[in-house]
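The primary structure of each chain is shown beneath.
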Amino acid sequence: MTIRLVIITVACLVTISTLPAMALDHGNLDEGRPLHIQDAYPVSLGELVVEAGAGFAWRRHSSDHGFFPVQFVYGILPNTQLELGTIFFTSPHGIDGPDRSGDVSVGALYNFNQETLTLPAFALKGSLQLPTGVDSSGIESEVTGIVTKSFHRLTLSFNAGYQFIGGHNRDERNGRYKFVFGGGYPVGAPMHTRTVLLADVFLNQASSRGERKTLGGEIGLRHQLRERLVLDFGVGSEFSGPTNRTPLYVNAGFSVGF
Amino acid sequence: MNEKCPVNQCIVPCREGRMRFWAKASTNALILIMLSSIPAWGQWVTRDKRWPPRGLWMWALERELPQLYREFNGIDFGHAHLAETLLGTQDEQLVEKARLQVLDFIFSSPPVPPDEGQIAPTFARLVWEVQKTFHWAHTFHRSLYDLFAADNVADKEAAYRTILDNYLEKPEAITYHPLDHHGKLWSFKESKSFAYKYPKFNTQIWAYHWLQAAVYDVQLMGSADVQQKLLPRVIEHYHAYLRNPPIEWRFMPMMAEAAPEFSRRFPEAAAIFDNLHMLHDNLDDVLSSPDIYPTITDKRARILRILPIYLHSNHSPQDRHVEYHTPVGTHEMHIDMGPRPPSVQEVLGLTPQSGLQKEAPYPQFHNNSHGSH
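Protein chains in written order, with my numbering: chain A, 1 to 258; chain B, 259 to 631.
Calculated directly from the structure, the hints in this document are not laboratory data. Check the hints yourself; a few may be wrong.
[What the hints assert, rightly or not] Only pairs whose alpha carbons sit at most 25 Å apart, straight line, appear in this in silico SDA-like list of lysine to any residue:
#	chain 1	residue 1	chain 2	residue 2
1	A	LYS149	B	LEU345
2	A	LYS149	B	ARG308
3	B	LYS282	A	PRO242
Make a model of the complete structure from these sequences and hints.
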């Protein structure tokens, strides 16, 4: 049932992506498209972006699974974006950690300033994950501080977040830290600016007490196919962490602006 | 593992303690970054990127006039690449190389607009205040091209008013007051330096502005089908300018010259675009005057003194720059501007040439400096 729903959703979004829309900032990074790293910039005021994708994770000592994130992003106020999304997994009962298949997340990112030659850009993001999914038990909330600083065409971002875990068991923490550091570089600029190469490393505290924190890295790219359609691809690995970590995962998707 | 846990003071640092340590270290690093940025907080500027006003006209240009759409994508590259080049060098050969790169880009018929922030990262971060003024004015430009390419919008005058009002209500909007381009705004101490030093690049840019103006009058001649039929000849004329920049021009093309009908029917937009093009010229003069503005700080300061002259919020409701308005009762063309560009009607052979000194509708070209295209 869930797989059918995912297929229908993705098919609808692919259809939507062929409709006319408007210039998308393909250098603007949102979490999950395609890497963990996000930059300090929101979408334009009044812009609606649909982001969706499909990926697969190969896990150690746990079931492999596909995942299908979908997110709507809207520039609701000046320098502010509102996010509404969910993620589906192919084996929803076998998922560890606080993210559950079908959980709806609502969030907002506020950008304080534009980066200048000396001053980085700062942003604050807050989100709520509602227990609408399979085996979900509590509300998770997360607060993330984001800093973006560029060195000519190389743009680096640092994300420091704290996730408050609701409905946790006795052996689970009530919250955990998340850090991501990474960035992007436009391959072939200035003559070619359609493809941005991305990379990041991330460190997540385990949600269960006694488990090792997860350290991983990812590389990917975002390519502007049309004015309002950006494709992305990422591949990553959790180098170290709990025994059931994910040594390899891939993720591909698109963002389309309306 | 003999060191003490920095958080809980355990003999053996637990995982939680190490995690807390790193969390605190990261928080402190963020605070340090912010504190170290304090001297630069005078540059604090909000991003304020905006989506175009929504309406039935949206995306009509790309759909109905794809060739023109690609030409405009090429033009977007031109200004940004020039600004970034001039921030790095004044060497004539390197600037000429940049000009030829712009031509290569334009003639590649780019299918998507280039990312100006990645073409000119230094310029965008140096004066974001100006960059967002350009963004918003270019968005206004694109919305009007969409409008006049949209056969499904019957009342174009009403839609024009909607788009204009939406444009003007934002603080970075350029004013529709006709400003004294030929006088005060062309008499700064750095004025004309770009035109003198790099005449080919300068008139190549003026050729972009000629096309941007001329297209409007073509669009007023009929439906999207009619526009499709007429535009290739106009684009061909524009490409001739690119191959052989019209260095005999001594002043930028004015909207009323290239698009007299549009300027008569939509004077606010015409004035905004003339002002926009003059602002581009003013900035290029600052960037090509290192003798007057040797440092990045000097350039930024000078540009930020020029920008307020153009902002609509400084002209309405209270006029803070009345001295820059076109003097009442005078026409701007009181300086020797050399041969003037033709109107699009003249290019299309629809009207005889006026008595003004103008170049031939099909210019006699000098040395073919970029004949490979």
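A quick look at each hint next to the structure:
Of the pairs offered as hints, the one joining LYS149 (chain A) and LEU345 (chain B) holds, with about 20 Å between alpha carbons and a cut-off of 25 Å not exceeded. Only pairs whose Cα atoms come within 25 Å are accepted, and LYS149 (chain A) paired with ARG308 (chain B) is accepted, the gap being roughly 22 Å. For the given pair, LYS282 (chain B) sits about 23 Å from PRO242 (chain A) by alpha-carbon distance, which is consistent with the 25 Å threshold.
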